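A.B. asks: 404 is the number that my numbering gives the last residue of the sequence shown; the numbers go up by one with no jumps.
If you're looking for bench data, these hints aren't it; they were derived computationally from the structure. Remember, it's a predicted structure, so these values are computed and weren't measured experimentally. Careful, some of the hints might be misleading.
FRET-style restraints, in silico, Cβ to Cβ [claimed, not checked]: (1) E202 to S246: 20 to 26 angstroms; (2) T273 to M339: 21 to 27 angstroms; (3) N32 to T251: 19 to 25 angstroms; (4) C343 to S181: 22 to 28 angstroms; (5) A184 to N338: 24 to 30 angstroms; (6) S181 to D129: 37 to 43 angstroms; (7) D192 to L168: 35 to 41 angstroms; (8) Q296 to V262: 15 to 21 angstroms.
Yeah, the Cβ is synthetic: ideal placement off N, Cα and C, and Gly gets one too.
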Amino acid sequence: MNKALQKILVVVGTTGAGKTKLSVELAKAFNGEIVNSDAMQVPGHLILADDATSLLRHDLINDILARGKVPVIVGGTMYYTQSVLWKAQLIEDAPGANGDETTASATSTSIPSNPDEAYQALLQVDPDMAQRLHSRDVQRSLEVFYQTGTKHSDWIAKQVGENDETLFDACMLWVDCDRSVLAQRLDARVDNMVQDGLVPEIEALMDNIQHHLAASPIALGLKGISQAIGFKEFQPYLKAKEEGSPDTTTVLAECIEQLKVGTRQYAKRQITWIRNRIVPRNIPVYKLDTTDVTQWPVNVTTPAKSIVSAFLRNDPSPVPACISQVDGENGAKKIKNMCEPCGNREFVGLVQWHEHLRSKSHRFRMKRLRLLETGQLFERPPPKKAKDKNAGDQLTSVDKAKE
Numbered sequence: 002m003n004k005a006l007q008k009i010l011v012v013v014g015t016t017g018a019g020k021t022k023l024s025v026e027l028a029k030a031f032n033g034e035i036v037n038s039d040a041m042q043v044p045g046h047l048i049l050a051d052d053a054t055s056l057l058r059h060d061l062i063n064d065i066l067a068r069g070k071v072p073v074i075v076g077g078t079m080y081y082t083q084s085v086l087w088k089a090q091l092i093e094d095a096p097g098a099n100g101d102e103t104t105a106s107a108t109s110t111s112i113p114s115n116p117d118e119a120y121q122a123l124l125q126v127d128p129d130m131a132q133r134l135h136s137r138d139v140q141r142s143l144e145v146f147y148q149t150g151t152k153h154s155d156w157i158a159k160q161v162g163e164n165d166e167t168l169f170d171a172c173m174l175w176v177d178c179d180r181s182v183l184a185q186r187l188d189a190r191v192d193n194m195v196q197d198g199l200v201p202e203i204e205a206l207m208d209n210i211q212h213h214l215a216a217s218p219i220a221l222g223l224k225g226i227s228q229a230i231g232f233k234e235f236q237p238y239l240k241a242k243e244e245g246s247p248d249t250t251t252v253l254a255e256c257i258e259q260l261k262v263g264t265r266q267y268a269k270r271q272i273t274w275i276r277n278r279i280v281p282r283n284i285p286v287y288k289l290d291t292t293d294v295t296q297w298p299v300n301v302t303t304p305a306k307s308i309v310s311a312f313l314r315n316d317p318s319p320v321p322a323c324i325s326q327v328d329g330e331n332g333a334k335k336i337k338n339m340c341e342p343c344g345n346r347e348f349v350g351l352v353q354w355h356e357h358l359r360s361k362s363h364r365f366r367m368k369r370l371r372l373l374e375t376g377q378l379f380e381r382p383p384p385k386k387a388k389d390k391n392a393g394d395q396l397t398s399v400d401k402a403k404e
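Kindly produce the complete structure, drawing on both the sequences and the hints.
C.D. replies: Encoded structure:
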């Protein structure tokens, strides 16, 4: 890491994992100030563009550094967090890939319609990309090659190098916890929000939106705050109430359940983004387990302070045992694996592959193969074809007629 860059702390994780709590502890311990990186908590979110939001955060960070304090970036919106840390975003689209309609049409006709033939074509022109992709997901890479004359894998490699220039010397802490525990936390959080008056707040917010946007209405559910989790799920209830429906209580219960589902899905997307778009890059990430809140001081606070203290002192001390430094796996995460026992199914990336190996269906097939190989199990012969009952009856009738 370039020592000329100024130091900042970054806390990432899913909603409900404890990143806010940890960021407050770190800010208090290291003379820091927190910079929020959650899209739905940005002032004026309805009108702020992405670039403007990034510039705003950079100004805040520079102001904190100028006052001799340590910026603590805490965020659930990973896109904004990335825009703070790296000079440019990693865009996997090649220049010229979005050409005019004539070029696009010509490219489409050049790509075989048969998936197997398309995969073989990619294997010839870009074997590196073919090894990463599922055999039925190769059209994009073929389009890039046919339109630009350059392999898609070369474009990506080039962009990785160009876009990994960091803006700060960052220490990133990833708070994570067991999925089942996280689901329980998120459901409880929704219940608490409802008890604390979430529904009246949403009703008041809707009234405010309708009042201010009456002159130039914006399609609710598609733009701005109406897209935020905790608002869009309640639109069926708001509509039912406005129409005077007698089923508002039932609709409200369904909306609350949808909010729980949406929150859990959002948390899953956050984990995927961290794992796939942040971890593989060039900033070290330290993972902390927040599953057991009773052990928070031991499992989270103490080791986090230890690693941050060493980071701020430029001290390459060993990472405490309870923190696992997550190394990027740019190559390994894209490796494609094929499972012959399960019908030559393809899995792209180690995560999918390991999940499949742990699945009940795979373990059942492997056990069955072992029993077959050791002679403890025999293949059943194919069932005999059942005779046509009617045909038998007809023959019997004929025989009887002959008699």
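A.B. asks: Give a verdict on every hint.
C.D. replies: Do the hints match the structure? See the list:
{"no.": "1", "hint": "E202 to S246: 20 to 26 angstroms", "in the structure": "21 angstroms, holds"}
{"no.": "2", "hint": "T273 to M339: 21 to 27 angstroms", "in the structure": "23 angstroms, holds"}
{"no.": "3", "hint": "N32 to T251: 19 to 25 angstroms", "in the structure": "52 angstroms, violated"}
{"no.": "4", "hint": "C343 to S181: 22 to 28 angstroms", "in the structure": "26 angstroms, holds"}
{"no.": "5", "hint": "A184 to N338: 24 to 30 angstroms", "in the structure": "29 angstroms, holds"}
{"no.": "6", "hint": "S181 to D129: 37 to 43 angstroms", "in the structure": "38 angstroms, holds"}
{"no.": "7", "hint": "D192 to L168: 35 to 41 angstroms", "in the structure": "40 angstroms, holds"}
{"no.": "8", "hint": "Q296 to V262: 15 to 21 angstroms", "in the structure": "29 angstroms, violated"}
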